[in-house]
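The listed protein sequences correspond, in order, to chains A and B. What the first sequence shows, in this note's numbering, is residues 1 to 339, in sequence order. What the second sequence shows, in this note's numbering, is residues 1 to 339, in sequence order.
One should not assume that every hint holds.
Any copy will do: because identical chains look the same in the list, a pair fits if it lies in one copy or spans two.
[Unchecked claim] Cross-link-like lysine to any residue pairs, in silico, SDA-like; alpha carbons within 20 Å at most:
1. K95 - P138
2. K144 - A254
3. K95 - N198
4. K310 - P190
5. K316 - A303
6. K202 - D335
7. K201 - W96
8. K24 - K144
9. K310 - T328
10. K24 - R290
11. K170 - F250
12. K167 - S18
13. K29 - T328
14. K316 - P45
15. K201 - A136
16. K286 - A329
17. K310 - A326
18. K40 - A254
Everything labelled a hint here was simulated from the structure, so no lab data went into it.
Protein chains: 2
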Amino acid sequence: MKALMLSVIVATSLMGASLIDGAKTAGLKPIPANKKAVEKLTSNPANPTTAAKVELGKMLYFEPRLSKSGLISCNTCHNLAIGGSDGMSAAIGHKWTSNPHGLSSPTVYNAVFYSQQFWDGRSPHLEDQAQGPIQAGPEMAAPKDHVTNVVNSMPAYVTMFQKAYGKDVKITFEKIADTIAVFERTLVTPSRYDDFLNGNKKALSAAEQKGLKTFIDKGCTTCHNDIALGGTMQAFNITGQYKHMHVGDFKGDANGLVRVPTLRNVTETAPYFHNGQIATLSEAIKEMGRIQLGIDLSDTETAEIATFLKALEGKKPNIVYPMLPASTAATPTVDVVNN
Amino acid sequence: MKALMLSVIVATSLMGASLIDGAKTAGLKPIPANKKAVEKLTSNPANPTTAAKVELGKMLYFEPRLSKSGLISCNTCHNLAIGGSDGMSAAIGHKWTSNPHGLSSPTVYNAVFYSQQFWDGRSPHLEDQAQGPIQAGPEMAAPKDHVTNVVNSMPAYVTMFQKAYGKDVKITFEKIADTIAVFERTLVTPSRYDDFLNGNKKALSAAEQKGLKTFIDKGCTTCHNDIALGGTMQAFNITGQYKHMHVGDFKGDANGLVRVPTLRNVTETAPYFHNGQIATLSEAIKEMGRIQLGIDLSDTETAEIATFLKALEGKKPNIVYPMLPASTAATPTVDVVNN
Chain A
1 MKALMLSVIV
11 ATSLMGASLI
21 DGAKTAGLKP
31 IPANKKAVEK
41 LTSNPANPTT
51 AAKVELGKML
61 YFEPRLSKSG
71 LISCNTCHNL
81 AIGGSDGMSA
91 AIGHKWTSNP
101 HGLSSPTVYN
111 AVFYSQQFWD
121 GRSPHLEDQA
131 QGPIQAGPEM
141 AAPKDHVTNV
151 VNSMPAYVTM
161 FQKAYGKDVK
171 ITFEKIADTI
181 AVFERTLVTP
191 SRYDDFLNGN
201 KKALSAAEQK
211 GLKTFIDKGC
221 TTCHNDIALG
231 GTMQAFNITG
241 QYKHMHVGDF
251 KGDANGLVRV
261 PTLRNVTETA
271 PYFHNGQIAT
281 LSEAIKEMGR
291 IQLGIDLSDT
301 ETAEIATFLK
311 ALEGKKPNIV
321 YPMLPASTAA
331 TPTVDVVNN
Chain B
1 MKALMLSVIV
11 ATSLMGASLI
21 DGAKTAGLKP
31 IPANKKAVEK
41 LTSNPANPTT
51 AAKVELGKML
61 YFEPRLSKSG
71 LISCNTCHNL
81 AIGGSDGMSA
91 AIGHKWTSNP
101 HGLSSPTVYN
111 AVFYSQQFWD
121 GRSPHLEDQA
131 QGPIQAGPEM
141 AAPKDHVTNV
151 VNSMPAYVTM
161 FQKAYGKDVK
171 ITFEKIADTI
181 AVFERTLVTP
191 SRYDDFLNGN
201 KKALSAAEQK
211 GLKTFIDKGC
221 TTCHNDIALG
231 GTMQAFNITG
241 QYKHMHVGDF
251 KGDANGLVRV
261 PTLRNVTETA
271 PYFHNGQIAT
281 LSEAIKEMGR
291 IQLGIDLSDT
301 ETAEIATFLK
311 ALEGKKPNIV
321 YPMLPASTAA
331 TPTVDVVNN
């Protein structure tokens, strides 16, 4: 932590030239202004993004029949209408089960920029991540063969998979997760902050620029860096450190650390922290200062940072709500009350 | 019932002239081809449809924070992606409660054409209907003041209500339900069947026309008539009549009758009947012949009718998934696990 703090101090001392340069030196990176550059940056070379895959992935993202109950889709907890999350402290899943570790649903927006998925960072990318919640008992609770049987039971889905992957495609659980991930890779929300870092000095107001400067000067970029302002490293597991925030039994990764979340659209994703125990953004900023940086942020500094964070509200993709194929006699059904 | 059967026979004898005339004589009516005529037909004079109300109503329809838990929206059980229903035999609501009467979620598509809402027909229109599920304990479970507090807590909603209803609008629970209803009034799905009834004799294939003729000749239009092919009257409560279908304790209306559902998009809304106890359309057709008409439909007749019903699949409105306002410090939150 001390070594990282030092790098922040270096960044700050370089900020005289321009705030944009200072931000970049502190490890902040914009979403590129060029659409092709964004596509290249967000596409997985092993599973390249195509329009056919994105459309199919969108349908599967909103598809409740993938879940054991038929009621829960990816969008239930990562609701694209409310910041890509669910607004709850701890996620609710199959049979109204609260997340057993007290974990909050992270936003899916800009998750493509994370180098590690899940709160313990155990997953390297979205293709791998998407397999988890579908199967997890307290979430969608669906065995792999339920998921593949559902998709294969509807001819319209089979045709779309053939269009996306070729005539001989085998619709496996992994292929379904891959396709959902391709859609999620498009969930990028460029903001005025990106315009600013891309060179438009007027894109942020004076107050927002002041907030960005405070954000850098205080060391927030130590953890909240790169394109997502988070998602590249693990930080203190506040559950273990601070008893008043202890919910569930989440221990973080092998070192007891928790993945740093993105700050993009953070004004839309309360309550805060991995356990959703902090209600307001101001409180979250102050608590992070105390816990992670060992400093007491003043009310003024906190307000400055909050003003900057609000500028991270991004433009959401235009999403036409998908019309999904009708179930057939072959589509699995479940006695949802008893199973 | 005998009087109604007679009227069907009269209709059939008139069919020589043309199937279109015969269908109209049997009480079937198309969705008008003219867009203005549809708007006039579906608008409530007491609460006229405007673009501002529709957009706001759409947001509220998809708004999970109206529910006590913050997880369930109108769209959870009346999912516009899967035929306007949930694909379940009995609805699942707050805290994973199954509908206590074993009732299935009816589709919201074309419900505007119903003269009576709910399975027991107790509600006269969508404005009244929309108030029910939001408050019902096993559905969204939200007290009225929770709903109004949620909406009033977000300035973007207040602004939209002012835009829709004027500066002095008071955002009451009833006004919120009214607005959702205005959106629901746009959920109309014209089909090739409507083109046919509107005069295009080639809009239905020969097999589909044959199916329509069988549908009329056998007496299905006795109950499944008017624009929605249902929704205008009550029929036998099959729960009470047929013990093998008995689920829950639903008694229907004062006469033990159940509202006749629409047949539009019926291929997309299995399982069937008010208690969702019939899995396939063929089975549903045969069972209706036996129960309601006292006849055994042959496999051929059943297939003919099914072919016609598939032609009732309509074009769904294009719905851009709404981006909802961020919660504020004033937005009520609930301990969803314990409350």
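Structure-based check of each hint:
1. Both within a single protomer and between protomers do K95 and P138 lie at most 20 Å apart by alpha-carbon distance, with minima of 8 Å and 14 Å respectively.
2. Neither within a single protomer nor between protomers do K144 and A254 lie at most 20 Å apart by alpha-carbon distance, with minima of 28 Å and 47 Å respectively.
3. In this assembly of identical chains, the alpha carbons of K95 and N198 never lie at most 20 Å apart, being 46 Å within a copy and 47 Å across copies at closest.
4. Taking the shortest alpha-carbon separations for K310 and P190, only the intra-copy value of 13 Å comes in at or below 20 Å, while the best inter-copy value is 43 Å.
5. For the homomeric pair K316 and A303, neither the shortest alpha-carbon distance inside one copy (25 Å) nor that between copies (46 Å) is at most 20 Å.
6. When the C-alpha separation of K202 and D335 is checked against a cutoff of 20 Å, the pair qualifies neither within a copy, at 58 Å, nor between copies, at 43 Å.
7. Taking identical chains as interchangeable, the C-alpha atoms of K201 and W96 are never at most 20 Å apart, the minima being 48 Å within one chain and 51 Å between chains.
8. Taking identical chains as interchangeable, the C-alpha atoms of K24 and K144 are never at most 20 Å apart, the minima being 43 Å within one chain and 50 Å between chains.
9. Proximity of K310 and T328 under a CA criterion of 20 Å is satisfied inter-copy only: 13 Å between copies versus 46 Å inside one chain copy.
10. Taking CA atoms no more than 20 Å apart as the test, K24 paired with R290 passes in neither setting, with 25 Å inside one copy and 75 Å between copies.
11. When the C-alpha separation of K170 and F250 is checked against a cutoff of 20 Å, the pair qualifies neither within a copy, at 37 Å, nor between copies, at 45 Å.
12. For the homomeric pair K167 and S18, neither the shortest alpha-carbon distance inside one copy (54 Å) nor that between copies (45 Å) is at most 20 Å.
13. Taking the shortest alpha-carbon separations for K29 and T328, neither the intra-copy value of 48 Å nor the inter-copy value of 29 Å comes in at or below 20 Å.
14. Proximity of K316 and P45 under a CA criterion of 20 Å is satisfied in neither setting, with 24 Å inside one chain copy and 36 Å between copies.
15. When the C-alpha separation of K201 and A136 is checked against a cutoff of 20 Å, the pair qualifies neither within a copy, at 46 Å, nor between copies, at 53 Å.
16. Within a single copy, K286 and A329 get their C-alpha atoms only as close as 56 Å, which misses the 20 Å cut-off; across copies the closest is 17 Å, which meets it.
17. Taking the shortest Cα distances, K310 and A326 sit within 20 Å of each other only across copies (11 Å), while inside one copy they are farther apart (41 Å).
18. Neither within a single protomer nor between protomers do K40 and A254 lie at most 20 Å apart by alpha-carbon distance, with minima of 33 Å and 64 Å respectively.
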